[in-house]
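**Student:** The listed protein sequences correspond, in order, to chains C and W. Read the first sequence against the numbering used here and you will find it ends at 472, with the numbers running on by one and no gaps. Read the second sequence against the numbering used here and you will find it ends at 1649, with the numbers running on by one and no gaps.
Hints listed in this document are in silico derivations from the structure and should not be mistaken for laboratory results. Check the hints yourself; a few may be wrong.
Stated by the list, open to error - One-sided excerpt, in silico: chain C residues whose CB lies under 7 Å from chain W:
hint: 1; residue: ASP26
hint: 2; residue: GLU37
hint: 3; residue: GLU368
hint: 4; residue: GLY440
hint: 5; residue: VAL466
All C-beta atoms, glycine included, are put in the ideal place defined by N, C-alpha and C.
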Amino acid sequence: MKLYDSIELAGRNLRESVLRNSLTTLGISVGVASLVAMLSLGIGLQQLASRRLQRSGLFDSIVVTSRRDLRNFNRDQEESGPAPEQSPDLNETARLKIASLPGVVEAYPDLRFITELRFDDKPHLSMVAGMPMSNKDSDSFEGMQGRFFSAGDAHEVILQKGFAAELLGKSTRNPDEIKVGDVAQPLLGKQLVMRYAERQSNGEDAESFSVISHELPLTIVGVTDLDPDSMRGSARARLFIPQNLIEGMHPMQAYDMRESNSATSRDALYATVIARISGAGKVDTVEQAIKKLGFNTFSILDATKSMRRFFAILDLFLGIFGSLALTVASIGIVNTLVMAILERRREIGIMKAVGASDSDVKGLFFAEAGAMGLLGGIAGTVLGWIIGRAINFGTNIYMRRQGFPPEDIWSVPVWLVAGAIGFAFLVSLVSGLYPASRAAKLDPVQALRYE
Amino acid sequence: MGSATIRAVDGVSLEIHAGDFVALLGASGSGKSSLLNLLAGLDSPTSGSVVVNGNYLGGLSRNELAAYRRHTVGMVFQSFNLIPSMTVIENVELPLRFAEVDRAKRGALAASALEKVGLSARLEHRPIELSGGEQQRVALARALINGPNILLADEPTGNLDSRTGTEVMDLVRQLNEAMQMTVVLVTHEHDLAEKYADRLISMADGKVIADQWNPSRAAAGAQS
Chain C
22 MKLYDSIELA GRNLRESVLR NSLTTLGISV GVASLVAMLS LGIGLQQLAS
72 RRLQRSGLFD SIVVTSRRDL RNFNRDQEES GPAPEQSPDL NETARLKIAS
122 LPGVVEAYPD LRFITELRFD DKPHLSMVAG MPMSNKDSDS FEGMQGRFFS
172 AGDAHEVILQ KGFAAELLGK STRNPDEIKV GDVAQPLLGK QLVMRYAERQ
222 SNGEDAESFS VISHELPLTI VGVTDLDPDS MRGSARARLF IPQNLIEGMH
272 PMQAYDMRES NSATSRDALY ATVIARISGA GKVDTVEQAI KKLGFNTFSI
322 LDATKSMRRF FAILDLFLGI FGSLALTVAS IGIVNTLVMA ILERRREIGI
372 MKAVGASDSD VKGLFFAEAG AMGLLGGIAG TVLGWIIGRA INFGTNIYMR
422 RQGFPPEDIW SVPVWLVAGA IGFAFLVSLV SGLYPASRAA KLDPVQALRY
472 E
Chain W
1426 MGSATIRAVD GVSLEIHAGD FVALLGASGS GKSSLLNLLA GLDSPTSGSV
1476 VVNGNYLGGL SRNELAAYRR HTVGMVFQSF NLIPSMTVIE NVELPLRFAE
1526 VDRAKRGALA ASALEKVGLS ARLEHRPIEL SGGEQQRVAL ARALINGPNI
1576 LLADEPTGNL DSRTGTEVMD LVRQLNEAMQ MTVVLVTHEH DLAEKYADRL
1626 ISMADGKVIA DQWNPSRAAA GAQS
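Isolated chain C, as found in the complex (with noise of 0.2 Å):
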């Protein structure tokens, strides 16, 4: 028989025991269900949490300091490769070494440093760092208010909300009760003037520098809630100027003294650069390009190793507790095609009296349970994907009473959706196995005998 005519055959077969077929149906388009459901879930949650952390910057990002520096990450590096003493400086042509290798998008330095800022006519101490315009993307700005710099060299500053409050002299004691909208609204748009040391060189005489008062009127353009005590470059640093405008301030820095051999130099000295990566696949071969030049490097790739690991166990997990579900409906189909036997057994004889082959009868079983399996995973996809953006909506209304922006937990991709439904049809099919082999070597004399 040709399997057009099977799947003609089967259908008709589907549509005269409706409300069975319909049930087993249902079966498996739950099963399926809760296999979608699960899996997009813990897919889901993985992109939610790798997204989380691309957008921190932390993933892509090489911290890079010199060996001649005391302030390492990581002691242990300095037990291999060159001795400080003969490491290379981590000036501007490193810098742009860095800058050039490939996979790194960007490297800059990472430059603070403590002075005096002028408000409303009353002092303030705190440390200025600068931002890199690419951070506007980053996450630290999520719960920004106002907006990021305009330029990379623009007269503005974002402020950490801690500081913007003592600017309005409200107390600090207690960050987390600072609200980012109630500082920002007055200080926006204000001017605040920054007072800083640069250091010049001397003309020709490279052993030593000046130092020259500065005093620069900066906008108010944003305040931010990011912590000062995160991990990232700028931590601690509670302003935050274009990384352009502090780069051609040639601000004193802190080692500006123990160095000032180098300093002096055309060439500048960093104590740490910071190179992003194009992703965090590439983190690896880059940080260990860099320790060739000579520097120390520091970056949490390792994390995210072990993050990858944890979810491919989850998702495995999921996919076994949906399968149960799936196993069961496919038992359902079993049932349904045996009791179909059962029913049949008259039918099954006439056809093979009138010559249907053992395959024949087998194929129109094979159709049944794979018309089953197909149309029970596809409506299970459906289900499912309601099940899922039901969950997530309600997981955003949770998220959004507990002061969380809401966040997508549910992913389906396409190819779970194919792989449900195939996955289905397959399950089917097997499923159909013994019902199948078992009406084909239904014996048509008896079949046919009782009436």
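With chain C's structure known, arrange chain W on it following the hints.
**Tutor:** For chain W alone, kept in the frame of chain C given last:
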């Protein structure tokens, strides 16, 4: 069933010639239906052999037996054995599906087969909407759709009144004569056998007890 072996057909040896109309007579349990199933390739003998058109049925695979049932023999039953969920024309078309006949040709073939049995007006009816005689004529059309050489009829009039029984049997006789089709008729009605069959084979307890040419048919044949 049970532990005792029942010899439904026991030591039967007979030869049926192409184009013959043979009646297998006997009381119920005499083994006539079992013999018919052997001829149909639905059952296989524990010993001995069935040879049709020079082919040993015992040597055929299950698939070849299915093909044999599909193309060489056609069957009609006492209880018609139509599939109730299918319309008349779909029932007649069913063997064509198994024979993998082109979809486009099936409708016309089935319709013409039904025309031969005089049921052109009932194509889209369900079997249950037809009378017994009509149902048996549908079964006959189905048996003949693939053009077999042999028609095996198991008590075809058993569920019919005498008038419609006669109608069906007239049709069978017509096919036998017009198309030189071999007919094996299983019946317990002596009168019916004598009226239509050329050869009467009587069975009891699985054995052939009488095998003779039908004297009344011979006479009828001489008259015509």
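**Student:** All hints are to be evaluated individually against the structure, with a verdict given for each.
**Tutor:** Verification of the supplied hints:
Using the Cβ-Cβ criterion of 7 Å, the hint placing ASP26(C) at the interface with chain W is satisfied: the shortest such distance is roughly 5 Å. This hint holds: GLU37(C) has a C-beta 5 Å from the nearest C-beta of chain W, less than the 7 Å allowed. Annotation: GLU368(C) was flagged as interfacial toward chain W, and the flag holds, the nearest CB pair being 6 Å apart, inside 7 Å. Because the beta carbon of GLY440(C) sits about 34 Å from the nearest beta carbon in chain W, more than 7 Å, this interface hint is broken.
Interface restraint check: VAL466(C) against chain W, minimum CB-CB distance 5 Å, threshold 7 Å, status holds.
Hint 4 from the earlier list is the only one contradicted by this structure; the remaining hints agree with it.
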